[in-house]
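J.: Protein chains in written order, with the working numbering: chain W, 1 to 279; chain Z, 1 to 305.
Certain hints may be false.
Said to hold, decoys possible - The following residues of chain Z were derived to be distant from chain W, with all beta-carbon distances above 12 Å:
#, residue
1, Arg32
2, Ala57
3, Gln210
4, Ala270
Claimed, not checked - Covered by chain W, per the in silico footprint, the following chain Z stretches (three or more residues, Cβ under 8 Å):
#, segment
5, 197-209
6, 288-294
It should be emphasised that the hints constitute simulated quantities derived from the structure, not laboratory data.
All C-beta atoms in this analysis are idealised placements derived from N, C-alpha and C, irrespective of residue type, glycine included.
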Amino acid sequence: MMQPLLQVHGLTVTFPTPSGPVPVVRDFSLTMGREKIGVVGESGSGKSMTARAILGLVRPPGQVTARTLQLEDMDLMGLSPRGWQALRGKKAGMILQDPKFSLNPIKRIGNQIEETLRLHEPIRRGERRERALAMLEAVGIDDPVRVYKSYPHELSGGMGQRAMIAMMLVSSPNLLIADEPTSALDVVVREQVLRLLDTLVTDRGLGLILISHDLPMVARFCDRILVMYRGRVVETLDARYLDAATHPYTRGLLACLPSPATRGHMLPTLSRDPSWEAA
Amino acid sequence: MIVASSPSLPEPVGTRFEPSSRTQARLVQLARALHRAARNPSTLAGSLIVLALVFAAILAPLLATHDPMAQDLAARLTPPGAAHWLGTDQLGRDLYSRLLYGAQPTLMIVVLVVALSAPFGVAIGLLAGYFGGWVEAVLMRVTDIVMAFPRLILALALVAVLQPGLVNAVIAIAITAWPPYARLARAETLSLRHSEFVEAARGLGMPSGQIITGQILPLCLSSAAIRATLDMAGIILTAAGLGFLGLGAQPPMAEWGAMIAAGRDHIFDAWWVAAVPGLAIVLVSLGFNLLGDGLRDVLDPKHHD
Numbered sequence: 001m002m003q004p005l006l007q008v009h010g011l012t013v014t015f016p017t018p019s020g021p022v023p024v025v026r027d028f029s030l031t032m033g034r035e036k037i038g039v040v041g042e043s044g045s046g047k048s049m050t051a052r053a054i055l056g057l058v059r060p061p062g063q064v065t066a067r068t069l070q071l072e073d074m075d076l077m078g079l080s081p082r083g084w085q086a087l088r089g090k091k092a093g094m095i096l097q098d099p100k101f102s103l104n105p106i107k108r109i110g111n112q113i114e115e116t117l118r119l120h121e122p123i124r125r126g127e128r129r130e131r132a133l134a135m136l137e138a139v140g141i142d143d144p145v146r147v148y149k150s151y152p153h154e155l156s157g158g159m160g161q162r163a164m165i166a167m168m169l170v171s172s173p174n175l176l177i178a179d180e181p182t183s184a185l186d187v188v189v190r191e192q193v194l195r196l197l198d199t200l201v202t203d204r205g206l207g208l209i210l211i212s213h214d215l216p217m218v219a220r221f222c223d224r225i226l227v228m229y230r231g232r233v234v235e236t237l238d239a240r241y242l243d244a245a246t247h248p249y250t251r252g253l254l255a256c257l258p259s260p261a262t263r264g265h266m267l268p269t270l271s272r273d274p275s276w277e278a279a
Numbered sequence: 001m002i003v004a005s006s007p008s009l010p011e012p013v014g015t016r017f018e019p020s021s022r023t024q025a026r027l028v029q030l031a032r033a034l035h036r037a038a039r040n041p042s043t044l045a046g047s048l049i050v051l052a053l054v055f056a057a058i059l060a061p062l063l064a065t066h067d068p069m070a071q072d073l074a075a076r077l078t079p080p081g082a083a084h085w086l087g088t089d090q091l092g093r094d095l096y097s098r099l100l101y102g103a104q105p106t107l108m109i110v111v112l113v114v115a116l117s118a119p120f121g122v123a124i125g126l127l128a129g130y131f132g133g134w135v136e137a138v139l140m141r142v143t144d145i146v147m148a149f150p151r152l153i154l155a156l157a158l159v160a161v162l163q164p165g166l167v168n169a170v171i172a173i174a175i176t177a178w179p180p181y182a183r184l185a186r187a188e189t190l191s192l193r194h195s196e197f198v199e200a201a202r203g204l205g206m207p208s209g210q211i212i213t214g215q216i217l218p219l220c221l222s223s224a225a226i227r228a229t230l231d232m233a234g235i236i237l238t239a240a241g242l243g244f245l246g247l248g249a250q251p252p253m254a255e256w257g258a259m260i261a262a263g264r265d266h267i268f269d270a271w272w273v274a275a276v277p278g279l280a281i282v283l284v285s286l287g288f289n290l291l292g293d294g295l296r297d298v299l300d301p302k303h304h305d
């Protein structure tokens, strides 16, 4: 059997507070191959924290524990800071929400894309430039040379997010984590960026973890969906059978979606049940 | 796009200037920045004063009419006139020439103090802001301690310990001048260290050292540069204060603070001896302040109209 890309068992992230440690991710488990996993849940459900923990980006005082945390054949538990640095960007990359903030405002796009290569691959300048330009073209930018020389503020949101994706993919990682990559974009551009991500992930055979609070979007785009509630995965679904969701929280989320059928009626609100947390 | 030359007229499409190379684009940016600065008369005045100071210091041997050290006791305390443009002091030395030569230690102190204190302070602030925790606690408390002393008094104490002299004056002023840079850099770093692009850089596997120097430092530089320019006026005043008390440049070297001190004895019968270097100090401090204000307007995008 082929080795899974990422194996996580019992991942827990806790933060100390004056009234004792508070777990923000509880017993998260996931085994994934080169597929598209969607993680959905409301704000504060631990989606982003899970992603950060997988890349070792949880800042102190946050504490990460797990029974297994393995990327390909590499054990990530007890990895040294230097080991993490070598892994991030090279083996796994993360796309953040808003390109306006996730690109350094005073550095040219080309320079920022090359930064990834400079950190991980000992290649010559000319070659770096070529790779960066090729990557910009691969993310669907018509005029790579112009964008290469541009500063982030000279680009639109969609272009910026494409540049960000280029920055993360240029040293060809196997796992890509996208933390709400389209929340800051308008609806039309959102569709384009998603389609681009889809193509890149499929063509290059990457594993993708897509974090979002947009359930239908994730359902359309991913293979499997993890629904998180208060730090816990409450339901794992095949994306094709979203309607077959059984957990009351997922059903509740689905019922909240506006649709032509419910036009004119008040949308329901979630009535929370403490037992969900224990599930 | 900001069109500095004609803010009221939108440029017609098609004739818009398209730089054809990076260097050219940089030059255009620079020209625009200069243009913006020059539109403001006080910035222009400030730059002219500072330029005049630099020229006076460099060209002093050419511009001076007399040897600044040459005494002429027969012509002591001569009022300003044709032979001595700004008069002479109590030893008959030409004040105009001494004023020009006095620009040299002044400029030297300013440049050296800024070159020593600003990088040091910025480095402290970056480390404190980025690492936080006990690193920040230790570094910033030390900064607070140094800042708690009145600047001139701390400098006085240091010079008294180190021996009076120009170099020691520079060291003493530099030791008192770095804390504001540390605070400034720390504040900027705090707001930047959780920014998404720093997070993204970490996500790419960039080590902390590279994040500090490559991602955060460049964004702190413009505010540090503005602070440095505004600081220069204060440095000149402190240097003149030390000179006045005999702790800066030693006689017979021409130094503005020391010249005022010498003129104090004759302030009622020969006002020009103290007034000439005094006015020079006022003018140069004013110049640096105006230039600093102007630089802030040019470099800080938040201040643009």
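J.: Hint by hint, which ones does the structure fall short of?
T.: 3 and 6
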